[in-house]
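Trainee: Below, each chain spelled out in residue letters.
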Amino acid sequence: MDNNTFIKMYGEYLRDESRLVGNAESIVFPKSEAEIISSVKEMSRKNIQITTQGARTGLAASAVPYKGHIINLSKMNKVTGARYDEKMDRFFITVQPGVLLSELRKYISNKSFNANDWDEQSVNALKYMEKNQWFYSTDPTETSASMGGIASCNASGAKSYRYGSARDHITGLRVVLADGDVLDIKRGQYIAGGDSKFRLVTEGGREIKGQLPKYKMPDVKKNTSGYYNMPEMDMIDLFIGSDGTLGIISEIEVELNKAQKADWGATIFMPDEDKSVDLVRAIRHEITVDNINLKLNPSAIEFFSHNALCMLREQQKTNAAFSNIQEIKESYHTAVYIEVESDSDDVVWTEIEKLGDVINGLGGDEDDSWVAYNPANLEKLHYFRHACPECVNMQIDNIKKTDSRITKLGTDMSVPDNKLKAAMKMYNEGIGENHLTAVIFGHIGNNHLHVNIIPQNMYEYEKGKSLFLIWAEKIAAMGGAVSAEHGVGKLKVPFLKKMYNEEELNEMRKLKKLFDPAQIFNRGTIFEFEEDGK
Amino acid sequence: MANIDIIKDKCVGCKRCAGACPFGAIEIVEKKATIKDTCTLCGSCVESCKFDAINFERDQVAEKIDLSEYKGIWVFAEQRYGRLKTVSLELLGKAKELSAVLNVSVTAILLGNGIHNLADKLIAYGADEVLVMDEDGLNDFNDHIYGEAIIDLIKEYKPEIVLVGATSKGRSLAPHISSALKTGLTADCTELSIDLESKLLVQTRPAFGGNLMAEIICPDNRPQMSTVRPKVFKPLEPDYNRKGKITKICKRPVEGLVKLVGNIDNAEGVGLSDAEIIVSVGRGMGSAKNIRLAKELADVLGGALGSSRPVVDMGWMPYSQQVGQTGKTVAPKIYIACGISGAIQHLAGLADIDTIVAINQDPDAPIFKVADYGIVGDVNEILPAVIEKIKQAKIT
Amino acid sequence: MRIIVCIKQVPGTNEVKIDTATNTIIRENVPAIINPFDTYAIEEAVRIKERAGAEVFGLSMGIPAASEMLKEAISLGIDKGVLMTDRKFAGADTLATSYALSRGIEKIGEYDLIICGKQATDGDTAQVGPSLARTLGIAYATDISKIIEIKSNKMCCLKITDDGYEEIEINLPALITVVKEINMPGLPSIKSMKKAKNSKIEILTFEDINADEDRLGLKGSPTQVRKTFVPVHEANNEMIEGTLEEKTEKLSDILLKLRTEVK
Numbered sequence: 001m002d003n004n005t006f007i008k009m010y011g012e013y014l015r016d017e018s019r020l021v022g023n024a025e026s027i028v029f030p031k032s033e034a035e036i037i038s039s040v041k042e043m044s045r046k047n048i049q050i051t052t053q054g055a056r057t058g059l060a061a062s063a064v065p066y067k068g069h070i071i072n073l074s075k076m077n078k079v080t081g082a083r084y085d086e087k088m089d090r091f092f093i094t095v096q097p098g099v100l101l102s103e104l105r106k107y108i109s110n111k112s113f114n115a116n117d118w119d120e121q122s123v124n125a126l127k128y129m130e131k132n133q134w135f136y137s138t139d140p141t142e143t144s145a146s147m148g149g150i151a152s153c154n155a156s157g158a159k160s161y162r163y164g165s166a167r168d169h170i171t172g173l174r175v176v177l178a179d180g181d182v183l184d185i186k187r188g189q190y191i192a193g194g195d196s197k198f199r200l201v202t203e204g205g206r207e208i209k210g211q212l213p214k215y216k217m218p219d220v221k222k223n224t225s226g227y228y229n230m231p232e233m234d235m236i237d238l239f240i241g242s243d244g245t246l247g248i249i250s251e252i253e254v255e256l257n258k259a260q261k262a263d264w265g266a267t268i269f270m271p272d273e274d275k276s277v278d279l280v281r282a283i284r285h286e287i288t289v290d291n292i293n294l295k296l297n298p299s300a301i302e303f304f305s306h307n308a309l310c311m312l313r314e315q316q317k318t319n320a321a322f323s324n325i326q327e328i329k330e331s332y333h334t335a336v337y338i339e340v341e342s343d344s345d346d347v348v349w350t351e352i353e354k355l356g357d358v359i360n361g362l363g364g365d366e367d368d369s370w371v372a373y374n375p376a377n378l379e380k381l382h383y384f385r386h387a388c389p390e391c392v393n394m395q396i397d398n399i400k401k402t403d404s405r406i407t408k409l410g411t412d413m414s415v416p417d418n419k420l421k422a423a424m425k426m427y428n429e430g431i432g433e434n435h436l437t438a439v440i441f442g443h444i445g446n447n448h449l450h451v452n453i454i455p456q457n458m459y460e461y462e463k464g465k466s467l468f469l470i471w472a473e474k475i476a477a478m479g480g481a482v483s484a485e486h487g488v489g490k491l492k493v494p495f496l497k498k499m500y501n502e503e504e505l506n507e508m509r510k511l512k513k514l515f516d517p518a519q520i521f522n523r524g525t526i527f528e529f530e531e532d533g534k
Numbered sequence: 001m002a003n004i005d006i007i008k009d010k011c012v013g014c015k016r017c018a019g020a021c022p023f024g025a026i027e028i029v030e031k032k033a034t035i036k037d038t039c040t041l042c043g044s045c046v047e048s049c050k051f052d053a054i055n056f057e058r059d060q061v062a063e064k065i066d067l068s069e070y071k072g073i074w075v076f077a078e079q080r081y082g083r084l085k086t087v088s089l090e091l092l093g094k095a096k097e098l099s100a101v102l103n104v105s106v107t108a109i110l111l112g113n114g115i116h117n118l119a120d121k122l123i124a125y126g127a128d129e130v131l132v133m134d135e136d137g138l139n140d141f142n143d144h145i146y147g148e149a150i151i152d153l154i155k156e157y158k159p160e161i162v163l164v165g166a167t168s169k170g171r172s173l174a175p176h177i178s179s180a181l182k183t184g185l186t187a188d189c190t191e192l193s194i195d196l197e198s199k200l201l202v203q204t205r206p207a208f209g210g211n212l213m214a215e216i217i218c219p220d221n222r223p224q225m226s227t228v229r230p231k232v233f234k235p236l237e238p239d240y241n242r243k244g245k246i247t248k249i250c251k252r253p254v255e256g257l258v259k260l261v262g263n264i265d266n267a268e269g270v271g272l273s274d275a276e277i278i279v280s281v282g283r284g285m286g287s288a289k290n291i292r293l294a295k296e297l298a299d300v301l302g303g304a305l306g307s308s309r310p311v312v313d314m315g316w317m318p319y320s321q322q323v324g325q326t327g328k329t330v331a332p333k334i335y336i337a338c339g340i341s342g343a344i345q346h347l348a349g350l351a352d353i354d355t356i357v358a359i360n361q362d363p364d365a366p367i368f369k370v371a372d373y374g375i376v377g378d379v380n381e382i383l384p385a386v387i388e389k390i391k392q393a394k395i396t
Numbered sequence: 001m002r003i004i005v006c007i008k009q010v011p012g013t014n015e016v017k018i019d020t021a022t023n024t025i026i027r028e029n030v031p032a033i034i035n036p037f038d039t040y041a042i043e044e045a046v047r048i049k050e051r052a053g054a055e056v057f058g059l060s061m062g063i064p065a066a067s068e069m070l071k072e073a074i075s076l077g078i079d080k081g082v083l084m085t086d087r088k089f090a091g092a093d094t095l096a097t098s099y100a101l102s103r104g105i106e107k108i109g110e111y112d113l114i115i116c117g118k119q120a121t122d123g124d125t126a127q128v129g130p131s132l133a134r135t136l137g138i139a140y141a142t143d144i145s146k147i148i149e150i151k152s153n154k155m156c157c158l159k160i161t162d163d164g165y166e167e168i169e170i171n172l173p174a175l176i177t178v179v180k181e182i183n184m185p186g187l188p189s190i191k192s193m194k195k196a197k198n199s200k201i202e203i204l205t206f207e208d209i210n211a212d213e214d215r216l217g218l219k220g221s222p223t224q225v226r227k228t229f230v231p232v233h234e235a236n237n238e239m240i241e242g243t244l245e246e247k248t249e250k251l252s253d254i255l256l257k258l259r260t261e262v263k
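Protein chains in written order, with this note's numbering: chain A, 1 to 534; chain B, 1 to 396; chain C, 1 to 263.
Read the hints as simulated data drawn from the structure, not as lab findings. Possibly wrong hints are sitting among the right ones.
A few chain A residues that face chain C, going by a derived Cβ cut-off under 7 Å, partial list only [what the hints assert, rightly or not]:
1. T5
2. F113
3. G356
4. E366
5. D367
6. V371
Glycine included, C-beta positions come from ideal geometry on N, C-alpha and C.
Excised from the complex, chain A in its bound form (with noise of 0.2 Å):
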């Protein structure tokens, strides 16, 4: 069909939650692997590239297509198997990588599958699913996002302080290559040996040789910069974080946390920055306040600036839609959200007990907080939490009226432990030297905040723009990852290249021509498309 035609019908398929919009000459929906694989013989064979796409909630345009072929995976929603490892008590869940987050969810804690096509092993795993109540703890805000999307960009979320990321539970893919075959990884199953080389046997019998490049990863725990590199890595890691690049994931297994009894959640105002930093500290055992003995393990440690409150207060006063939040009183400068699972009420609030101390040791006062122990009430924090980023897109969408190429600008970095103090002073002076509209919040625990930029008219967001770039290069100097949840994509690429030389990066490039010699997957995302001979 004409490419006028071709919007008209799939329009909503040229674009993804970063607002970019693209342009695709053709897509199809598969309803199985073998769908996938033909559609990339067929596209291999016409040299035509191709962008893969799930539920294109991804923030760094990672699906959004430039030209060529859709592959969409949104039909491929089936949960396929399950499995639990009874000597080790592990439950695991295989998905195609269409399943929605949401819908993973609701059905494990349902615990009720659609089992009819399921093997013997999977339907009697589910017998041990009975006896726990077991959760998939990668949380990315957006839980609209596909299963295929999450391992893509190895997403992560506010529970990641304690459970990890996205590839710290996949335990399996399989990956459709260029050439129509697949490789089948489990974890464990390929190593890269002590000399940095790396065999993988794909089910056609091809073998794939390689060596590992020899960049270095930011020490920090939430980096999706561009491909995964450690010594003597699990190379399942490999395509977990590659942004589609090497192929497309067909099957994803994931394992499953069990859930503990005792789930509470407290949001606590300091009086200052520097106090709610300093609170970090004390929960990390970086400092200790007044010989106290905290032992809180907490599952996410998050965080609002001032201008965060301070904007929610204003909203709170004049729109409906925040009337489900408490007050938010004047004198409560900025906040930290923490969440702690336990098996016990009573361990979690012994330390709770020992955390207002701590709070009132730095200054602080314990009676400003606010503490939920059962699901009603912690339901009313997550409302606050989301409350922030909601308050921001209603502010953007307001802007937007008045000139329409306004979009929101958000930071997605994340520094070492004891660059926090520093990434923090960067910001605010940033913000501050170029008289910008922002507001700061995030997963501090793990030293990555979302800085958002309310551009007010286009001169703001050019300058939010080139900030952004700026601090890309800081932070990348201060050892800190470009991208710590939502990906390269596209949008990210020039950031990359703060973080990576031209020769590192063409180290990416060398790994990834070697899964996908001819580009065809995804291009322009992670670096930029250049042709061979180049």
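Following the hints, put chains B and C in place on chain A, whose structure we already have.
Mentor: Same frame as chain A, now just chains B and C:
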């Protein structure tokens, strides 16, 4: 004191009683039922036992009143500034039906200022007698003033049954009266009938948010009082040729303890109570701004917009538009549930609706079990298309 | 000023699963919580305390474990918790409950205001508030959505009715029942939770109050449950299938048809 225990010899451990207990107060230990501390003596388990293994001793009431002195069915005729509430007419219809079984008369109690003329309408709708108190001091509804007047009248006339519409005023007034008379009151009855053997009023109402229905009786106290929501019962066809007795009560109303400073009437909420078509929104709408789609559908159908509780809790809709057990009483003929997952309790507060249409993305949503027509899909995709089609159809 | 908040402990959820084989309810172990409407009552009392200074009592009638719930109420800002607990109180309907509470209130002593939640989620009758007020012989108003002003002997409030709102002036001492519109209940802080954990709840048994045994518990309850049953909902259960286009077409037809039947 009342006592309940399990006759161990008769108990076979079938667990029916444990299942019937709304408080989880029965445990099966070594194949025998045991009643825990948390028992509230509600008696629900006794019915469920097929082996007569539950011994439930109610106490004898200390003083037994002479029940035979109490005769007749009364209906509180609620009016506001000269307009009768339709629920009162509906209750007159039901009272007439009950009175036929008991062979007694139906009396309407009418209080207000300048409302004497409403008595004829009450007779046309089934009252055999109307007791009227028409005074300046009764111009505005007042719990205490109206309540004390009615208490005195009940003490004097001794009706065996008193029915009050479960409007916001009725629900506030009825317990004032029942507690003064130390008698039983059953709220929000969905069914009323006379037990032929005992001649007692059997009052059916939802409990536990509608997950359970309970039949209540008030055997030893009089009058037996019930409140009933609007549109649960149907009024009789009015017969203005009916004859009835109108009695003017001359009694000085008592001093009020609450003063009405002003009325702030709100059309939106009123529209909802009377609406025959309601489009209702649930969390499945996705966001506050999508609710305008439901409003548009309501508008093209000539209906009203309502909301489930979670949506009001989230601030997307005002409380005045909440429908359901803790919200507005509504009784539409058509109820279109958009993005409502619909556990039974959502529908519990709604009277029997003729037709329920449900749109929800989740094929397993409980609302599909109670819906007459169901569509699985995204409301935000379905509504615009439906609105468009209806608009087109209306034009042609 | 002294305020008494009446608090009821109710099951955490009304959601029960029905065992379709025996048509009985399967009650899962749901934790007991403060009746949601009562959280608004507690919050309102605490706000009055913060604004104008007041001593706030929480009064509950229930099983011994309800003292934990009263401690939770203390963590939400009330000053003292009083629990009426005795086998003699059990099985009470709204009349007997109101009577018992009135005796507990007499034990507490003088008060200016009693605040109740509009209704409890397990009974949903909304009767105890007005009954209690009548038993105490004080002024009352239900469905209060805003307290406008508290003067020495009167209180100005906004009340929600079927027709909209009424502004009323109520003589003190008074009892009000409150609706959700009135405020947004807060969560406890670490400090208030510490205070609550260290607090002691005053227990009142039958011996401690001055009450007529015949008016308490099951004995004092004129209403009785004769039978309970699981409601059966009869519905057409027709699912509209097809593509998006087909579904919307069919639904529009059905709605138009229904509409003509109604109008």
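Trainee: Run every hint past the structure and note whether it holds.
Mentor: Taking the hints in turn, this is what the structure says about them:
| no. | hint | in the structure |
| --- | --- | --- |
| 1 | T5 | violated (18 Å) |
| 2 | F113 | violated (19 Å) |
| 3 | G356 | holds (4 Å) |
| 4 | E366 | holds (4 Å) |
| 5 | D367 | holds (4 Å) |
| 6 | V371 | holds (5 Å) |
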